[in-house]
Amino acid sequence: MPVQYLANLSLYVPELVVVATMMGVLFLESTYRENEKNHHFVFFLTLFGLLVAAVSVVANFTVLPTEFFTHSLIHDSFGNLSKLLMIFGTMASVYLSYQSREIDQDLKSEFSAIALGVLVGGMLLSSAHNMLTLYLGVETLSVLSYALAAMRKNDEKSAEAGLKYVLYGGVTAGLMLFGISHIFGALGTIQFTEIKLALEKVDGAKLAILIPSFLLFFAGIGYKIACVPFHMWSPDVYEGSPTPVTAFFSLVPKVAGVAALVRVTFSFFTVNVLLNHTWIALLSTIAALTLTIGNVTAIGQRSVKRMLAFSSISHVGMIILGVLVTSDEGLRSVMFYLISYLFMTIVAFYIVALVSEQYGNDYFERFNGLASRYPLMAILLTMVMFSLSGVPPLSGFVAKFNIFAVVIEKRYYVLALFAALNSVVSLYYYLKIVRLMIFKEAESSEEIRGFGFVNQALISICSVPVVLLGIYWERVLMWAQGAKLFVP
Amino acid sequence: MLDTNLTDVSLCLFAAVFAVVVVFNKNPVVAAFSLLLMFIGFGGIYFRLGSVFLTTIQILVYAGAIAILFVFVLMLMNLEETKTFIPTKNFSLFAGIVAILAMFGILTIIIFNNTDYLATDKLPEVSMNTLFTKLFETYLVPFELSTLLLLGATVAVVFISKKRIPQ
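Protein chains in written order, with my numbering: chain A, 184 to 671; chain B, 5 to 171.
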């Protein structure tokens, strides 16, 4: 047994690197004197550790898919790609936090440490292969996120955000655990493979227990991806947290939750017909509600961050549409959607962060006349907004198109109609900011300090994929197709 | 494993009644003690299911430590505003006698139905062995990862409660 564990460790190097970096950050932080303001080394160490982790994830791409650590975890290319996305998301948010003046200087190293911890939770969630590791992943992700949400302790909104997050999180984690314990009670195992085998031959009486249990089980995942009955926390948390934290929340926990949802859907709900129908019915309802509520509520928002929060809720609706078709093409389109969503979100939050830092808030009016003062930034933000609403030839269009294609192929016409109508609605609020930037007079002529050369260059680099993914999408799609899920 | 009999029913009732009391009682001290009794009831259920080790842990950790912790927290908090229900002398005498009789009744039923179980020489040896084999072989990784969760939670708590230097 011990030898087997040691042999498996090589597959776990990325996670170990991230944990080691987290410890390193904690140690390094304690070597600073109390009055020292700039913790540059912490920042460099974090980025370096994340880079090493990314490299080791890439190095594991060639290893054949397998279960390891006595079936607790699974190694496959889908999990690896999600891990890579999460690492990039963390890198971007750590960089943003380093720049940010919304986060107090003496809290920046803690932000790095906690973000790394959340990342480990996310990586765990995306490769979990039994209920226990899945639950641990959800908890590691949540417990650390609560602290991030309540980062500005003395700010009323931030404290409210933290408390809301904790209360919702506690309730949904409890529901999920309740569901898991019933699944264990009915099937007698928590290993995904064994659950799948057991589900092939369950009878009606057990299904009567299993269907409600799976609904409860969904609560935990639904909360992490913020789909509709569990979305209430998300706008408040997004608005109350500092912008780098918001960017982080809209990337890492979301990718992790989607990865877990995909794995659970493909592992459990492809074997039993009745269970499959129930799950698809559940996901369809939730996807339709998520799309509609997310989009319609986004219209009336005053704060751009809050608008982006609602828009990210509706994007989750689209992703769920890709998940519920349970086919390889669906998986591929979900992966592509996540990749393009990552870049669009990073650029949008980057620009919003720099603007809101200058003025102290992120209301729509702050973007008035940005086009005449910072044309490049205005063009890039316009491009990202077009891409988020799904206008060709940008990456958002291709991502949405792929989802539409798989949904229509499966003949879910009503869902496709819902998604199409919602895309039109989303155009309204995305273009509102574009209109303000271009047609309104600027409120003041003071320079926005954040838009220095380096930041403008970085934003430009980050937005290159938004265009490239829209043009060379076939190649990326081929690559995303390699991200096969391994269901033993 | 065992047929449902009077012991099981009374244990479940015992636990359920005190669980309801925890939720609906307005007096926090009574609620905390009911919680303790509910834990003990759970311990009895585990025992009936044949897991002696789990029973011990349940009594030691939950009833012994966690419930007492609750009581301590209640003692440290200021509870003057909460209205306490002060029963009349006759009522408390009556309720006390009923409660004591019920407890002894349940204990008698349990003991007389399980004389063979309670003989210490017949304790199932495997219980602890199986548990730790599972914990340190099959579920070693989740076990280790939970330490990471605890570390993270510690960092988060320090982060939240740390004194901020105003800028």
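These aren't lab readings, by the way, just hints derived from the structure by calculation. Just so you know, these numbers come straight off a predicted model, no measurement behind them. A few of these clues could be false.
[As the list claims (entries may be wrong)] In silico lysine-lysine, DSBU-like type, Cα no more than 35 Å apart, as pairs:
1) A/K347 x B/K30
2) B/K138 x A/K384
3) B/K30 x A/K340
4) A/K667 x A/K379
5) B/K166 x A/K347
[Unchecked claim] Away from chain B, derived, C-beta distances all over 12 Å, residues of chain A:
6) A311
7) I463
8) F634
9) M661
Each residue gets a CB set at the ideal place from its N, CA and C atoms; glycine is no exception.
Now for the hints, and whether the structure bears them out:
1. A/K347 x B/K30: Cα-Cα ~25 Å, so holds.
2. B/K138 x A/K384: With a Cα-Cα distance of about 26 Å, the restraint between B/K138 and A/K384 holds, given a limit of 35 Å.
3. B/K30 x A/K340: Roughly 32 Å separates the two Cα atoms, so the pair holds.
4. A/K667 x A/K379: holds, 18 Å
5. B/K166 x A/K347: holds, 21 Å
6. A311: violated, 9 Å
7. I463: holds, 30 Å
8. F634: holds, 23 Å
9. M661: Holds, since 34 Å exceeds 12 Å.
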